[in-house]
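Given the sequences, and given the hints that come with them, work out the whole structure.
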Amino acid sequence: MIFMNKLFPDLHKKDIYEIDYRGLYNKGFRAVLFDIDNTLTTHGTKADRSNIEFFKSLREIGFKTCLISNNKEKRVSPFAKAVGSPYIYKADKPSKKGYIKAMNTLNVKREQTFFVGDQIFTDIWGANNAGVYSVLVDPISPKEEIQIVIKRFFERIVLFFYKIKTDKVKKNDKC
Numbered sequence: 030m031i032f033m034n035k036l037f038p039d040l041h042k043k044d045i046y047e048i049d050y051r052g053l054y055n056k057g058f059r060a061v062l063f064d065i066d067n068t069l070t071t072h073g074t075k076a077d078r079s080n081i082e083f084f085k086s087l088r089e090i091g092f093k094t095c096l097i098s099n100n101k102e103k104r105v106s107p108f109a110k111a112v113g114s115p116y117i118y119k120a121d122k123p124s125k126k127g128y129i130k131a132m133n134t135l136n137v138k139r140e141q142t143f144f145v146g147d148q149i150f151t152d153i154w155g156a157n158n159a160g161v162y163s164v165l166v167d168p169i170s171p172k173e174e175i176q177i178v179i180k181r182f183f184e185r186i187v188l189f190f191y192k193i194k195t196d197k198v199k200k201n202d203k204c
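The sequence shown begins at 30 in my numbering and counts up one residue at a time.
Rather than coming from a laboratory, the hints here were simulated on the basis of the structure.
Be aware that one or more of the hints could be misleading.
[What the hints assert, rightly or not] Computed list of lysine-lysine pairs in PhoX-like fashion (alpha-carbon distance at most 25 Å, straight line): (1) LYS75 - LYS93; (2) LYS110 - LYS130; (3) LYS126 - LYS93; (4) LYS130 - LYS119; (5) LYS194 - LYS180.
So this is what it looks like as structure tokens:
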């Protein structure tokens, strides 16, 4: 179960719009790191007006942002340019080095940083290994490459145990 805790997000939300960014900023967070595909947009899709406005709203709150993707630069760079964010490509998630590089790029500490992604075995595990607050969002689209579809099966098992843990915490908080 200790290993399983490395896979549990600190927070689980339906999508990026359900996260209370202002509340997190008020708690001392100053940087948001994002996965791109199936977190901010569907696989391979260019940044659209809603993505651009979303990143603008984060900057208005006071956040610095950075994109962290295992994808190639030709995918990550145009999206990052459109939303006005630095980026790390070929990040090798769940390795913590991409997260650390992003924090160094933004000149922020671990305790000031949170990460938002849709995959447990890359995004969340990597953020947790890097000591970064992790936020899991549900994938935008069910259309994914076969290796991700296979991982999603195992993610459902992790989420089952995560729900048991969070339900137990909620029950204890009521006592």
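Does LYS180 lie within 25 Å of LYS194 when you go C-alpha to C-alpha?
-> Between LYS194 and LYS180 the Cα gap is close to 21 Å, so the pair holds against 25 Å.
Agreement of LYS110 and LYS130 with the hint, judged by alpha carbon distance not exceeding 25 Å = Roughly 18 Å separates the two Cα atoms, so the pair holds.
LYS130 and LYS119: Cα distance at most 25 Å?
-> 12 Å, holds
Quickly compare the C-alpha distance for LYS126 and LYS93 to 25 Å and report which way the hint goes.
-> Answer holds: LYS126 to LYS93 is near 19 Å, not above 25 Å.
Holds or violated: are the alpha carbons of LYS75 and LYS93 at most 25 Å from each other?
-> 21 Å, holds
Hint violations for this structure: none, all hints satisfied.
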